Amino acid sequence: MSRIFAIATKEIRQLRRDRLTFGMIVGIPLLQMLLFGYAINFDVRGLSAAVVDEARTSMSRALIADMQASGVVRVSEYDASIGDLRRSLRSGEVSIGVYIPADFERRRLDGDRPLAQLLVDGSEPTIENIARAFVAMPLPKRAGVYQASRQVFEVRTEYNPEKRTAVQIVPALIGVILTMTMTMFTAVAIVRERERGNLELLITTPASPLELMLGKLVPYVFIGLIQTTLVLLLGVLLFHVPINGSLWAFYLAALLFIAATLTLGLIASTLAETQMQAFQMSIFVLLPSILLSGFVFPFDGMPPVARWIAQLLPLTHFVELVRGIVLRGAGLAELQVPIYKLLAFTAVALTVVTLRFHKRLD
Amino acid sequence: MNARAESGPAISARNLTRRFGKLTAVDHVSLDIPRASIYGFLGPNGSGKSTTIRMLCGLLRPSEGECTVLGHPVAREAEKLRLKIGYMTQRFSLWEDLTVQENLDFIGRIFGLDGQVRAARIAERLRQYHLEDRRGQRAGTMSGGQKQRLALAAATLHEPELLLLDEPTSAVDPQSRRDFWESLFELVDRGTTILVSTHYMDEAERCHGLAILDRGRLVAEGSPRRLMDSIDAIVIEIEADDVRGARRALDGEDFVKSVAQLGNRLHALLDPQRTDPEGSIRALLEKQGVQGKVERVRASLEDVFVAATRFTADDEAALAGRASARQAVHAGESG
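Going line by line, the protein sequences match chains L and B. Each residue of the first sequence is one higher than the last, beginning at 0 in numbering that gives the first Met the number 0. Each residue of the second sequence is one higher than the last, beginning at 0 in numbering that gives the first Met the number 0.
If you are wondering where the hints come from, they were derived from the structure by calculation, not from laboratory data. Computed from a predicted structure; not experimentally measured. Mixed in with the good hints, there may be bad ones.
[Stated by the list, open to error] Sample of chain L residues lacking proximity to chain B, with all beta carbon distances greater than 10 Å (derived):
id, residue
1, Q13
2, R195
3, E199
4, I202
5, T203
6, I289
7, P303
8, A332
9, V336
10, R355
[Unchecked claim] Within a straight-line C-alpha distance of at most 20 Å, the following computed DMTMM-like cross-link-like pairs (lysine to aspartate or glutamate) qualify:
id, chain 1, residue 1, chain 2, residue 2
11, B, K146, L, E194
12, B, K146, L, E210
13, B, K79, L, D109
Backbone N, C-alpha and C fix where the C-beta goes; we use that ideal spot for every residue, glycine too.
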């Protein structure tokens, strides 16, 4: 324990003197935040949807079939009540809810109210747009089902009623920034010691590989938490991102994610021989993380291979967690799956690292 | 320090071999290094000195053979050895962005020295190695000699029984080297065993025992004096006005194994079987019309080194490789 403390102290001292790295701790979140927050808007299809059909008539079933035929939504579950549907939405299992009320037939005949409701998860950037497009899209006209000028759906955006991109982007951006900095910092920190010859000395000391690794990681956990707080603070101050869930749950999710990305950085450090290589490897992780994690594009539109790769990226699970907690106000109990996935990732990665790291030069 | 009280050699290696792919860096080296002495590895770059030292402290696994250090078989008990050995790497391997005090404090913590002991030990080392007024200076800004004293202070902070020093003086001026060796003898007085690799002849000569390594093989071993007395060559010195002419006179003669020029003198190693060596040389000089004084002299350690490394050569490529290595040795001696 005292050795871990010694290594951590040394690491912090060095960090304080390395102005470039120190600057990046604050600079990267700041830059990304402004970039993504102000400059980016998105658009997609194939969203998973939950349906509550209280009407249960041939016409309501025809409507659901038409929706699916459009290719924009894919019905993945049928719920009994609007309450169940909201729960699925909040836990992130589905992105869109279709609610067909019991008086569907009457609405159909009256013709002055929308026939059904679309409940949209506003915490994901692109889904909102899709829903809008969906409403505007003419469904095939079945005789007598809906008339030409009739508005079929009424859209209700949940969790982000003003439909602001920044609100959708900011929480997940914490994950992108952490992926970038945590992976890179740890990988570089260890490879640098190897390059400068410090490692040859370190491994002739009584410090065990685990002590070496943990001592190296501890300071970065705090740096990660600082960055997390920084981005969240900026998000709230600049973009008025609401924090709907508990702050404790949020920080717990952040900690789990930081642990996962740090071990990922450690793996990179056992593979890379120069700081440049370590740097490249962290970019190699970053790109698929941004594209496949659900940060930018919803999973529902991705081919199976991409989804499978996404499952291996810690960011995927963090994005799911953080949007659930911060925007949808979900509790940890509702988000057990991504939590366990992050834990599993960290455990496997740490095992790989300790197996790969020998106190030898060969 | 109870190293003296314990029996058996500090280091014992049997057929230690290390291969990197096709290259055999260390080739069946066997040696015993007695406790409380300074033992030197002398050899050109690439002769396997560093690789051997790294195997002895468990950083590299031998491809063949085994070694026991301070009674511990290295292969199985490397971790137990960590507290008993101090290792000074060839390259400065402390942290250049930490201060002298911070570096020593870190090493002290890593070796598990408790607060008071650590503070006292650090103060002692700072005094011993004249670093007291450098305490707050970053290691990266210090001179070669200062860095090396810091490295020695760090390597001895936990009072190891065995010190492994890999070319400790390669970036250090002559006065600092002299001081450094003084501190090594002080450590030996207190019972520490020291293994030091070098390519400087004057340093090698200071060791109690010496192993000459060449292309991974142990080619000569013993105390410097014994090695010089039992050299397998005749050493001749020629003083001549026309030194270059004298040199040409010796060229191409089979019994002349090596010639080196030192100012207006030539230093030649001859085949030990040669009868009347002085006469043969005088005859050669006369044939070329060169005036000179020929004298048989005592072998120096460099002669031992040249004889040991050159005479064992058995292929041209190796010869070419060692020519440059010998230059390094010469350069070292004049430095």
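Comparing the hints with the structure gives:
no., hint, in the structure
1, Q13, "violated, 5 Å"
2, R195, "violated, 7 Å"
3, E199, "violated, 5 Å"
4, I202, "violated, 7 Å"
5, T203, "violated, 4 Å"
6, I289, "holds, 32 Å"
7, P303, "holds, 43 Å"
8, A332, "holds, 42 Å"
9, V336, "holds, 41 Å"
10, R355, "holds, 16 Å"
11, K146(B) with E194(L), "holds, 18 Å"
12, K146(B) with E210(L), "violated, 27 Å"
13, K79(B) with D109(L), "violated, 88 Å"
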